[in-house]
Amino acid sequence: MVLALSNEPASKVEPYVEQYNLPFPVASGSTAGGKLGAMVGQKGIPHSYLLDPEGRLVWHGHPNSLTKKHLKLAMAGADRVGPKAVLSWRGEIDGAPPKALEAAADGELAQAFKLIEKEAGSEGAGALDESLSAHVADLRKQIDLAVGRGDFGQSLAALESLAKDLKRHPLGEAILERQREIEEDETIQNEIEAAEALDKALELVANRGIKKAKKSLQSVVKRFPSTHAAKRARGLIGE
Amino acid sequence: MKRLALLAALPLLAFVPAEDPMSPEIDAKSWSRHLGQTPSLQSLRGRAVLIEAWATW
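Residue numbers (my numbering), protein chains in the order written: chain A, 188 to 426; chain B, 28 to 84.
Isolated chain B, as found in the complex (with noise of 0.2 Å):
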């Protein structure tokens, strides 16, 4: 019973949760409505950053 309960506990064991993946450089040719230094992710390191990916359309 124990030998089955330890292969039924297998899978869970090799399963390891990726990392969060880094987001790729925020990049922009120009900046309308913002205050300070121009949005990077260095300049923005300590916030959480919620982006929209948007368009006029």
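If we strip away everything but chain A, and leave its shape as in the complex, we get (with noise of 0.2 Å):
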């Protein structure tokens, strides 16, 4: 997992990662990285810290001294990822049934309402049900404000895996729903389009440079004028 931690207020980070179109975890008005450069000895940045499935720092240094050993090293004994990884929900609430917790850090949600409801009644166990329904509000949000910027990889993935996952739980029933309303919606579907052939610019970029993909970033542009692929397209031809 990657999370990037800055100091700055949203007002400045957010416009970046939308121009750069970051694909990972962007932390605002944090306070850890200065604190883990505290611990080392490390003022300057960027500077990167490695942690293991405990939460224990065993490497820091330059982004660019970061090798595949140290991330073998790292990930020794890590959970495997699947993709209920972003149902999972983990925390420690007294009295909750120790199953159902489990079940939630798994992303098995279904599961461990099921679970919370054998115990209904108990205050653990509806802190839990309350916690876990937050959490599936939460993602639906998440996935809502991915969607509307055109961030459609990882959240439509979320999405179908949360859909699965609570298919026969009443939650589950506006998480189809929404599932049917981003299939039937011509504008999202044009969207999605647009962001797969986007891909496919993006992987001749990466591979033969912007130069020879100039073509393909063109095509994007032409085929799907008004979406946020074709926006980020223009962007790297510099138009």
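Because the hints were derived from the structure by calculation, they are not lab data.
You may find that some hints are simply not true.
Result set (EDC-like, lysine to aspartate or glutamate): computed pairs, CA atoms no more than 20 Å apart in a straight line [as the list claims (entries may be wrong)]:
#1 A:Lys256 to B:Asp47
#2 B:Lys56 to A:Glu195
#3 A:Lys418 to A:Glu205
#4 A:Lys255 to B:Glu79
#5 A:Lys259 to B:Asp47
#6 A:Lys230 to B:Asp54
#7 A:Lys199 to B:Glu79
#8 A:Lys409 to A:Glu426
#9 A:Lys256 to B:Glu79
Using the supplied hints, reconstruct the complex from the two chains, each of which is provided in its own coordinate frame.
Okay, structure coming up:
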């Protein structure tokens, strides 16, 4: 998991994230980078810090000095991450059914809700039910924001995972409905097609450079002129 | 000779590598581009995490 931490305000960070379409979580107003630096006597940035699955700092250095060997060592003993990882919820709630907490941590939200129901009436179960319901609501909001800015890859995969997991739970109805809305929305479908075309053009950019990929990028602009993908393509061509 | 070897080894025997320190909590006033539970040491337990400390300047 990659996290970028800046101590700057969102008003500075978010336009940058948007302009460069950063593909990982970015924090604004974070003090953790400074605290990590203080721990190891590092003042400058950029600087990378590698944590193992227990949250221990196992390596730090300039981003250019990170190697596969460092990553391999840090990842030893890490959980396997599948499509349900985005659904995962971890927390400590007194009296919550332990197996429900385990299921929630594994992203098995329907299973967690089922186990909570078996202990309905207990304070801990009630608190966990509230937390998981809020978590599902948060996920839906994040997915909608991502779809709204034309970021389809991870968000639609997350929506699919959520819909599959909760298909027999009351919360699942609204999620399935949202899936149907997206499938029937011509504007969104056009955006998705444009995003896929841009992804192919970006592969060319990565493998052969912008000059060789220019025609592909121009094709995205021509075929899907008013999409987020076209805007990004224009930015890359310099139009 | 054996005594010499033992004496030479003492500094090595005394050396105990310090355990890798725990990271401070991952905090933020807001997050962009993340899907899922808000990143924290707890929510990310079980996963290796690469933190990039950076700025827009």
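Cross-check of the supplied hints:
Straight-line distance between C-alpha atoms of Lys256 of chain A and Asp47 of chain B comes to about 17 Å, which keeps the hinted pair within the 20 Å bound. Distance restraint check for Lys56 of chain B and Glu195 of chain A: the Cα-Cα separation of roughly 10 Å lies within the 20 Å cut-off, and the hinted pair is therefore satisfied. Of the supplied pair hints, the one linking Lys418 of chain A and Glu205 of chain A holds, its CA atoms being roughly 11 Å apart against a limit of 20 Å. Restraint check for Lys255 of chain A and Glu79 of chain B: satisfied, since their Cα atoms lie roughly 16 Å apart, inside the 20 Å limit.
Of the pairs offered as hints, the one joining Lys259 of chain A and Asp47 of chain B holds, with about 16 Å between alpha carbons and a cut-off of 20 Å not exceeded. At roughly 19 Å between alpha-carbon atoms, Lys230 of chain A and Asp54 of chain B fall within 20 Å of each other, so this suggested pair holds. Distance restraint check for Lys199 of chain A and Glu79 of chain B: the Cα-Cα separation of roughly 17 Å lies within the 20 Å cut-off, and the hinted pair is therefore satisfied. Distance check on the hinted pair: Lys409 of chain A and Glu426 of chain A sit about 12 Å apart at the alpha-carbon level, within 20 Å; holds.
Taking the CA atoms of Lys256 of chain A and Glu79 of chain B, the gap is about 18 Å. The hint holds against a cut of 20 Å.
Figure legend: structure checked against the earlier numbered hints; every hint is met.
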